[in-house]
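Engineer: Read off the chains here:
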Amino acid sequence: MTIEIKNLNKTFKTHEKEVFALRDVDLTIETKDFVCLLGPSGCGKTTLLRLIGGLEEGDSGEILDDGKPIVEPSNERGFVFQQYSLFPWLTVLDNVTFGLDLKNGSKEENIKRAKTYLRSVGLENTEKLYPHELSGGMKQRVAIIRSLVNKPKTLLMDEPFSALDIQNRHKLQEQLVRIWQKTEKTIIFVTHDVDEAVFLADHIVLMGKNPGHIKEVYNNKLPRPRNRNSKEFLAIQNHTMELLES
Amino acid sequence: MLPLFVPMVMVVLWYVFSVPIKLVPDYVMPTPIMVITSAYQLIISGKLLNHAIATLIKVLLGLILASVISIPLGVLLGWSGKLEEMSKFIIGILRPIPPVAWIPFSILWFGIGLIPGTFIIFMGCFFPILIYTIDGVKRTDNVLIEAGKTLGTSNLQTITKIIFPSSLPTIISGLKVGVGIALMCTVTAEMVASNSGLGYLIMNSSQLFDTGSVVVGMLSIGVIGLFFDIIFKKIQSKLFW
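In the order they appear, the protein sequences are chains A and R.
The numbering of the first sequence is the working numbering, which starts it at 1 and goes up by one.
The numbering of the second sequence is the working numbering, which starts it at 247 and goes up by one.
No wet-lab data here; the hints were simulated from the structure.
Just so you know, not all the hints are guaranteed correct.
[Stated by the list, open to error] Computed beta-carbon distance windows for the label pairs: (1) G292/R - E124/A: 56 to 66 Å; (2) L322/R - K112/A: 49 to 59 Å; (3) E30/A - S333/R: 43 to 53 Å; (4) V252/R - E72/A: 34 to 44 Å.
[Unchecked claim] Partner residues aside, some chain A positions facing chain R, computed with beta carbon under 8 Å: (5) G53; (6) L55; (7) G58; (8) R77; (9) F79; (10) Q83; (11) S85; (12) F87; (13) W89; (14) T91; (15) G105; (16) K107; (17) R146.
Remember, predicted model here, so these are calculated numbers, not experimental data.
Positions of the beta carbon are idealized from the N, C-alpha and C atoms, including for glycine.
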């Protein structure tokens with residue numbers, strides 16, 4: 001019950017040059033782990049997440065999800081994008097039932113389930129609204145719910161909170177931790193923000209660039225709920241920063 | 247009231263120059279009274295309604311036929327770069343041909359009446375709708391397509407549930423352009439290859455020096471155009487997010 005990445009390589013062609021986006025990446029992610037991919041821009045963390053999501057293809061090496069190679073996107077692996085990705089022509093409720101309706105379940109059941117999920121994050125009053133009527137934070141919460149409602153085993157998140165102001169970002173981080181504790185999903189979360197990684201993750205995958213590679217995996221044993229102002233938190237934050245810059 | 251101000255001033259000026267001043271003879275420029283008389287007679291006799299319906303039927307038929315073919319085709323061409331590359335040349339060469347240039351063949355193939363007119367309109371709206379559809383499909387935000395795939399859409403569902411709705415506003419814009427062209431085409435086609443419709447009314451009246459009816463025909467086309475415009479604005483206000 002794991003995601004295994006073995007000797008993964010990925011290059012991008014720009015004009016005449018070939019650039020290594022990822023080189024010799026090996027990583028194992030256990031079920032129910034909360035993992036952050038942390039690194040500066042250009043370290044290939046988003047590329048790695050997209051590869052796990054099946055949105056890109058690697059050049060060599062393999063990615064296995066419970067032993068099966070990942071070749072295309074699947075609703076087993078929910079994906080929350082950095083950009084707002086709600087369907088603008090659908091209401092919040094229709095966005096959330098989108099994945100369920102694809103599977104021909106009963107419409108009533110789907111709506112009931114979607115409503116339960118929306119209520120769980122306090123969005124029950126937004127059901128009839130269209131995405132352009134929502135704030136940035138609400139859009140990302142709906143996007144998370146839209147993935148979760150399909151009961152994926154894994155949730156892949158690509159800097160989903162980076163466009164939000166700091167209060168909203170903190171609120172959504174706390175909500176995400178609660179969702180993770182309650183639903184016991186595997187979460188792989190990309191960020192360039194050390195504070196965010198230390199707050200969220202149990203395993204922080206530190207990445208470097210030129211070419212994109214994994215430096216090391218730091219196991220964050222800080223007990224939850226985590227307090228950003230505690231001495232321990234700041235110590236781990238400093239330590240992670242040092243590892244990243246070394 | 248504001249939009250009516252300019253037309254009202256125009257009618258007053260028209261009246262002053264054509265009735266008391268008599269700048270030109272009335273078979274060159276009819277007076278407002280002649281137009282109103284013609285309009286009254288055409289409405290009472292039911293002729294105006296019949297001609298307007300004849301024109302509308304051709305416009306709608308041509309538009310529907312063109313949409314049924316060019317929207318799915320446009321989605322396909324916008325979706326597959328290869329198919330678009332293959333069809334670039336043929337579209338490029340057929341598109342600039344004015345629809346009225348098809349009139350000779352439309353008469354040869356379909357004679358006089360409903361079908362040749364519909365054919366001309368079809369040729370006229372086909373390419374704008376096609377081009378707009380291709381454009382709308384290509385402008386679909388990639389993140390929406392990817393989001394769909396991670397929620398479990400198949401290739402077909404990606405097209406029907408994401409690409410199509412996402413390009414709908416652009417497709418509607420294409421239809422709007424299509425209607426404008428369709429109206430122009432119908433009237434032209436009716437002038438030469440028809441025995442009904444507003445274009446026929448204009449042509450026939452002009453041969454009888456009934457310039458009042460010519461103006462009635464012209465204004466009716468304007469009203470139909472305005473009517474379509476209002477409908478499309480309504481649709482778009484619901485569709486644009």
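Engineer: Run every hint past the structure and note whether it holds.
Structural biologist: Outcome of the hint check:
1. Checking the proposed 56 to 66 Å range against G292/R and E124/A shows it holds: the Cβ atoms sit about 58 Å from each other.
2. For L322/R and K112/A, the hinted distance range of 49 to 59 Å is not satisfied, since their beta carbons lie about 37 Å from each other.
3. About 51 Å separates the C-beta atoms of E30/A and S333/R, a value consistent with the hinted range of 43 to 53 Å.
4. One distance hint, 34 to 44 Å for the beta-carbon pair V252/R and E72/A, is violated here, with the actual separation near 60 Å.
5. Annotation: G53/A was flagged as interfacial toward chain R, and the flag holds, the nearest CB pair being 6 Å apart, inside 8 Å.
6. Using the Cβ-Cβ criterion of 8 Å, the hint placing L55/A at the interface with chain R is satisfied: the shortest such distance is roughly 6 Å.
7. Restraint check, G58/A versus chain R: the minimum CB separation of about 17 Å is more than 8 Å; hint violated.
8. Nearest Cβ of chain R to the Cβ of R77/A: about 7 Å, under the 8 Å cut. The hint holds.
9. Nearest Cβ of chain R to the Cβ of F79/A: about 4 Å, under the 8 Å cut. The hint holds.
10. The beta carbon of Q83/A is positioned within 8 Å of a beta carbon in chain R (closest approach about 5 Å), and the interface hint is therefore held.
11. Because the closest C-beta pair between S85/A and chain R is about 4 Å apart, less than 8 Å, the hint holds.
12. Because the beta carbon of F87/A sits about 6 Å from the nearest beta carbon in chain R, less than 8 Å, this interface hint is met.
13. Because the smallest distance between the Cβ of W89/A and any Cβ of chain R comes to about 5 Å, under 8 Å, the interface hint for this residue holds.
14. Contact between T91/A and chain R, as hinted, is not supported at the beta carbon level, the nearest pair being about 11 Å apart and thus beyond 8 Å.
15. The interface hint given for G105/A is violated, since its Cβ lies 12 Å from the closest Cβ of chain R, which is over the 8 Å cut-off.
16. At a threshold of 8 Å, the smallest CB-CB gap from K107/A to chain R is about 15 Å, leaving the interface hint violated.
17. Using the Cβ-Cβ criterion of 8 Å, the hint placing R146/A at the interface with chain R is satisfied: the shortest such distance is roughly 7 Å.
Against the hints set out earlier in the document, violations occur for numbers 2, 4, 7, 14, 15 and 16.
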